[in-house]
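Student: Line by line, the protein sequences are chains A and B.
The numbers in this note's numbering rise by one with no breaks, and the one at position 13 of the first sequence is 13.
Start counting at 1 in the second sequence, then tack on 1000, and there's your number in this note's numbering.
Just so you know, the hints here were simulated from the structure itself, not pulled from any lab data.
Wrong hints could be hidden among the right ones.
To be verified - Covered stretches of chain B, going by a simulated chain A footprint (3 or more residues, C-beta under 8 Å): (1) 1136 to 1148; (2) 1370 to 1380; (3) 1387 to 1395.
Ideal Cβ placement from N, Cα and C applies to all residues, glycine included.
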Amino acid sequence: MLLRLDAEKCQGHNRCYALAPELFDVDEYGQSVLLVEGDVPAELHAKARLAVSNCPEYAISILVD
Amino acid sequence: MTDTVAPADTPGYEPPIFGDSPEGTHVWQRVPYNPDDYGPVSDFATDFDHGDPAYNPNAPEVWKELRDAKCPVAHSDRYGGMWVPITHDTVHEIAYDTQHFTSRSVVVSVGRPGDLSLPAPIGGAPPITSDPPFHAMARRLLLPAFAPKVIEPWETKVRELCVSLLDRLGDLTAGESIIDAAQQYAQHIPVSVIRQMLGFPEKDEELFRRFVHETLERINEEPGTRTGMDELGQYIFAQIQDHRENPRDDLTSYLMGTQIEGIEMNDEIVGGMVILLLIAGIDTTWSAIGSSLWHLAQHPEDHQRIIDDPEVMTFALEEFLRAYAPVTMARLVAEDTDFHGCPMKKDDWVLLPFPAANRDPHQFEDPDQFIVDRQENRHAAFGLGIHRCIGSNLARLELKVAIEEFVKRFPRFELAGDTRWSVGQIRGPREMPVRILDIAN
Ligand code: HEM
Ligand code: SF4
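Assemble the whole structure, with the sequences as input and the hints as a guide.
Tutor: Set out below in structure tokens:
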């Protein structure tokens, strides 16, 4: 699974960091930072999907499932 | 912007005026004010008024009726002309379109900001009244103070505050005692937290609640009569003076020391930002806590689930915020535009009911159903686009801890009489008697 974070769309709602801190961090302005480069480990797929389906700005997407 | 920069000791300097007095911001009206125009609403599709006291208690039914009548954008001649999109798509579109819709004023009232108030793109209370490009500069000053990792450490203080409010309820008898969960509990939490952050005296908390009422609830009264707004301006200006003489480690002193684009901050912009922080966090969070407890009082099954399975709180919190989103914002039309067939004219109001968007069936499955562990929940309670609530991390913390401590102390409670709801853009219980059925020791 490959994730994409669109920094232009992210408005720092902080939902991804709350739901999947293994995959997302937030910077000092509250903007999301994607922590994984490349393949998302299988045990985090469910959390990745949760983050995607709770981002109000549609800033996170699954590039390859 | 440079011509507004004037330090307080400049000869001839006059303190800024923040209020709505006629000699202040020169509020102007598009139609002569007639109190009879603001009576009860008979048809929300053509005569929408969120200032009707019947609106907030019944808002979800109003949205549903409008949706069933295939009316995505309601209209009203009140307030000099107002449009009300109620679907997620239309709310989203307007929130993103800062070119046609300005944030210069985000609270609908009979008057619009006049020519002497700070014009777009700054507005009277940056960044909420600001448009691009100034908006991002003002917002960047505040964001670090409210970032998740800065807010997290407040949890202990918020918890202590909630516990002490519960302790202060005195001796209660299970099955008999009735408390007002809105007045005696919910309202005090955000007031106390923001007061500490801004570095204002504890004795002024009562004053803040009145300021909030004047700003957000007395919306359909004659412009110039809302004297509390002038008092608020004077109060904030005195606080700024006090912080100038006695700088301290708080948000007010921090903002006074900042710069925008290399230009020293002036009192007018600092004052506007401080007013925003004071007003934006109080009614809103009070409402969110109150509505959540209102729900739990009537849904023991959700209450039990939160007690049995504390982990569910991550989802429950967002579901409270979705189903009972307290905040509707507004915009002014910046230039004539045709919005899906609606002929919007410059300076018409547009309400942005994020709470209605949160119950749109095209966006949420079973939107009128409260699902305590809803897994897919892209709710818009904190807004959409560039104005996303700066206080959202703080608000979530306060809401979570307030609910946790209340249900821990009172494992069962029920409504005991009529709940009185707020009037205007912020929706939540203002008086909410609940009977305590069980008390934990
Ligand atoms: C549950 C509680 C709250 C809710 C539902 C809420 C909701 C909102 C919404 C919907 C907006 C967007 C405004 C717009 O689009 O015009 C907003 C903006 C804002 N809120 Fe909140 N708010 C809450 C609590 C707070 C708190 C506690 C604070 C700070 C102490 C705060 C500070 C702000 C600020 C500064 C903005 C302006 C952001 C900007 O314009 O860039 N809010 N809030
Ligand atoms: S949930 Fe979306 S908008 Fe919020 S921080 Fe994450 S990516 Fe950004």
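Student: For this structure, which hints from the list above don't hold up?
Tutor: Per hint list: zero violations.
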